[in-house]
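Based on these hints, arrange chain B on the given structure of chain A.
There are 2 protein chains.
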Amino acid sequence: MGGDAPKSPFAPKSFPALPAIDGIRIAAAAAGVKYKGRNDVFLAELAPGTQVAGVLTKSKTCSSAVDWCRTVLDKGKARGIIVNSGNSNAFTGKIGEKGTKHMVQAAADALGCKPKQVLVASTGVIGVPLPGDRISAVMPTLIEALGPDNWNDSANAIMTTDTFPKLATATAEIDGKQVKIAGIAKGSGMIAPDMATMLSFVFTDANVPSAILQKILKDGADRSFNSITVDGDTSTSDTLILAATGKAGNKPPSSPSDKRLKGFVAALDAVLTDLATQVVKDGEGASKFITIDVTGAANKKSARRIGLAVANSPLVKTAIAGEDANWGRVVMAVGKSGEPADRDKLSIAMGGVTIANKGEGVLDYDEAPVAEHLKGTEVHIEIDLGLGKGAARVWTCDLTHGYIAINADYRS
Amino acid sequence: MGGDAPKSPFAPKSFPALPAIDGIRIAAAAAGVKYKGRNDVFLAELAPGTQVAGVLTKSKTCSSAVDWCRTVLDKGKARGIIVNSGNSNAFTGKIGEKGTKHMVQAAADALGCKPKQVLVASTGVIGVPLPGDRISAVMPTLIEALGPDNWNDSANAIMTTDTFPKLATATAEIDGKQVKIAGIAKGSGMIAPDMATMLSFVFTDANVPSAILQKILKDGADRSFNSITVDGDTSTSDTLILAATGKAGNKPPSSPSDKRLKGFVAALDAVLTDLATQVVKDGEGASKFITIDVTGAANKKSARRIGLAVANSPLVKTAIAGEDANWGRVVMAVGKSGEPADRDKLSIAMGGVTIANKGEGVLDYDEAPVAEHLKGTEVHIEIDLGLGKGAARVWTCDLTHGYIAINADYRS
Numbered sequence: 001m002g003g004d005a006p007k008s009p010f011a012p013k014s015f016p017a018l019p020a021i022d023g024i025r026i027a028a029a030a031a032g033v034k035y036k037g038r039n040d041v042f043l044a045e046l047a048p049g050t051q052v053a054g055v056l057t058k059s060k061t062c063s064s065a066v067d068w069c070r071t072v073l074d075k076g077k078a079r080g081i082i083v084n085s086g087n088s089n090a091f092t093g094k095i096g097e098k099g100t101k102h103m104v105q106a107a108a109d110a111l112g113c114k115p116k117q118v119l120v121a122s123t124g125v126i127g128v129p130l131p132g133d134r135i136s137a138v139m140p141t142l143i144e145a146l147g148p149d150n151w152n153d154s155a156n157a158i159m160t161t162d163t164f165p166k167l168a169t170a171t172a173e174i175d176g177k178q179v180k181i182a183g184i185a186k187g188s189g190m191i192a193p194d195m196a197t198m199l200s201f202v203f204t205d206a207n208v209p210s211a212i213l214q215k216i217l218k219d220g221a222d223r224s225f226n227s228i229t230v231d232g233d234t235s236t237s238d239t240l241i242l243a244a245t246g247k248a249g250n251k252p253p254s255s256p257s258d259k260r261l262k263g264f265v266a267a268l269d270a271v272l273t274d275l276a277t278q279v280v281k282d283g284e285g286a287s288k289f290i291t292i293d294v295t296g297a298a299n300k301k302s303a304r305r306i307g308l309a310v311a312n313s314p315l316v317k318t319a320i321a322g323e324d325a326n327w328g329r330v331v332m333a334v335g336k337s338g339e340p341a342d343r344d345k346l347s348i349a350m351g352g353v354t355i356a357n358k359g360e361g362v363l364d365y366d367e368a369p370v371a372e373h374l375k376g377t378e379v380h381i382e383i384d385l386g387l388g389k390g391a392a393r394v395w396t397c398d399l400t401h402g403y404i405a406i407n408a409d410y411r412s
Numbered sequence: 413m414g415g416d417a418p419k420s421p422f423a424p425k426s427f428p429a430l431p432a433i434d435g436i437r438i439a440a441a442a443a444g445v446k447y448k449g450r451n452d453v454f455l456a457e458l459a460p461g462t463q464v465a466g467v468l469t470k471s472k473t474c475s476s477a478v479d480w481c482r483t484v485l486d487k488g489k490a491r492g493i494i495v496n497s498g499n500s501n502a503f504t505g506k507i508g509e510k511g512t513k514h515m516v517q518a519a520a521d522a523l524g525c526k527p528k529q530v531l532v533a534s535t536g537v538i539g540v541p542l543p544g545d546r547i548s549a550v551m552p553t554l555i556e557a558l559g560p561d562n563w564n565d566s567a568n569a570i571m572t573t574d575t576f577p578k579l580a581t582a583t584a585e586i587d588g589k590q591v592k593i594a595g596i597a598k599g600s601g602m603i604a605p606d607m608a609t610m611l612s613f614v615f616t617d618a619n620v621p622s623a624i625l626q627k628i629l630k631d632g633a634d635r636s637f638n639s640i641t642v643d644g645d646t647s648t649s650d651t652l653i654l655a656a657t658g659k660a661g662n663k664p665p666s667s668p669s670d671k672r673l674k675g676f677v678a679a680l681d682a683v684l685t686d687l688a689t690q691v692v693k694d695g696e697g698a699s700k701f702i703t704i705d706v707t708g709a710a711n712k713k714s715a716r717r718i719g720l721a722v723a724n725s726p727l728v729k730t731a732i733a734g735e736d737a738n739w740g741r742v743v744m745a746v747g748k749s750g751e752p753a754d755r756d757k758l759s760i761a762m763g764g765v766t767i768a769n770k771g772e773g774v775l776d777y778d779e780a781p782v783a784e785h786l787k788g789t790e791v792h793i794e795i796d797l798g799l800g801k802g803a804a805r806v807w808t809c810d811l812t813h814g815y816i817a818i819n820a821d822y823r824s
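Chains as they are written, first to last, in the working numbering: chain A, 1 to 412; chain B, 413 to 824.
If we strip away everything but chain A, and leave its shape as in the complex, we get (with noise of 0.2 Å):
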């Protein structure tokens, strides 16, 4: 299915160039999962002592991958991830956690650790059962390939109906030791069970306990994949991973909120958010990215909340589509979304006009300038509720034809 649809409007010219990270080796192969001559396995190596976190889907079906991922991410350290692309092995049952396990115990045997060291995911079609021996058939290529660079390689192997690879770095410091971060991701539809769950990889040489590094990485998650939305729907596979090798050699911090660790705090949230934004700007039949803005929530959950109720409402993002400055729509969507509000308290703006203030329209509202804003591919929304101080922002795309396109009019 990946590459019939036409290439997102949004894809980069260019790519980023991702830096070795100390202590991390990769590797893509091709293993004839589903697809035909592309690479669709993706293999990471960690150094010994690599601390791990994980964000997982809360999906009350989710697949035996991401099963596995839990438990080993109870131990905090992880020696590899091994990932394919092509077959979810979702709702397969209990053939499905038999492939898992071959999947994980073939990259532990090649890498020489023990299968709980081994972090797993697999993407594409659902409840047809993994062909396991196509991917251990790979392990000697993808050892053979493992190096620091090839993350455009990676990248590209994990991809499902995404129309262009994602790639995100950054650095900070570290009690004035450099810090490198890398991360790729893949995601078109926000799912789409049979082709396009949401999987992130993000490594880094700093020197991060476990423990504060799940804290850190579950806000950062917040802040990024869990402030995006295409349509609405959760994958059974969802899985962002954080690798931190230590070989940077800074001293630990000592928790969550020790400033020492504030300059890796933003920079991973560059890295997330930036991946986190690629994936909506490769939101199935995408033509417009849309920023929304909410503040004056009753707190920072609730203003997470409307902005989501807002980004998820059909109407809202066929009005996008239709570049129509339907600020009633988003009246709408913030009455649906069931948090605290007040009509006559709310006011919304639209390419940094104010369209609806305090309750009413505003009837005179100079229309040229919204419209213009409109016609572009960068739409920014503002919403304050006059309640309180809580913020937040999230991010979607436009509902189109395409959108119709690539989920009904093929067939899976």
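These are calculated hints, taken from the structure and not from any lab test.
Just so it is clear, CB atoms sit at the ideal spot from N, CA and C, and this is done for glycine as well.
Accuracy of the hints is not assured; some may be wrong.
[To be verified] Facing chain A, according to a computed beta carbon distance under 8 Å, are these residues of chain B, among others: (1) 504; (2) 727; (3) 731; (4) 733; (5) 773.
Just chain B now, kept in the frame of chain A:
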């Protein structure tokens, strides 16, 4: 906007003949609120002593008409209902409140009752002040036209993006006395705040005190209007009113669970379900009518939430539009509902054929009858959670290019 979209393939060839309800007189008139050359105001005169109940939108940004209805319903009695289409009078601030009061006062003066005895609803464009004088100007015409049989005119007058009027009727016995029920509804998106709110007005000659009426109506709404969805968006103006004149002369029931009410509750359910499914069948862009039966859930509430999560999933709705038996998307939607579910106990059937069973796809299921079923216009999805005894039925429609065309390609 109404009339621009092609007529729903589910538009009925003929309409039921609704009976006169003793104590109810109705009329429609053309006030030119927004539409030209069609009726856009509906007036109902309720005999003295008529008991009323209502279910109103839970939106936090509801219209002033909804606020007004709340205070009338608190008293349990009313003498009139005044409704306009073409302007929802929502998000119009203090001017909006004035518009509502003007409309209610005009109807009260015409009917010879107090404003607090008049229920009101407005549907149409949002954020534009209501031209209340146009509505008061047609009051003499409405009073003149009041009669027991104007059901078709009335159902047409409240339409916005609807492509057909919605009418339903049933009879029952209470304590040996025959009682009649007649209802009309409008709605085409679950909501499009500038045009497609859901409104329904149901009338009966049964003698039922308002407190009991309220409980029966709330329960009935949960099984009907609260069990349908087109796009998951919620109107700022959704209004369901039940008016009972008492003219049938039955002895009033003593409680909502009074056994003598059993037939009446079933007949009311039939009318509400008939009207609610007509709204789905007129859903924007609908080409398939989808019935989702959830069984084996932890409880009834959980079953309904799971059903609605599936019904609201853009990926499920586009799969059905594409006639694709993509049960993986159903699994995904069950998983994201947040309700208790066990991947390994879940079973899914389409068109009566089990295609996923106890956590695994049925690899050799008979595809031909399922493909044939999906080619039809009425699709049946059954989901068994295998956990408890909770069951619910919900209805939705597919998500097609037609929905995008109505909501993005057309401008308001």
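Status of each hint after checking the structure:
1. Interface restraint check: residue 504 of chain B against chain A, minimum CB-CB distance 6 Å, threshold 8 Å, status holds.
2. A cut of 8 Å between beta carbons decides the hint on residue 727 of chain B: the least distance to chain A is about 5 Å, and the hint holds.
3. The beta carbon of residue 731 of chain B comes within 7 Å of a beta carbon in chain A, closer than 8 Å, and the hint placing it at the interface holds.
4. Satisfaction of the interface hint for residue 733 of chain B is found here, the shortest Cβ-Cβ separation to chain A being roughly 4 Å, below the 8 Å cut-off.
5. At its closest, the beta carbon of residue 773 of chain B sits 4 Å from a beta carbon of chain A; the interface hint therefore holds under the 8 Å criterion.
Checked against the numbered hints above, the structure violates none of them.
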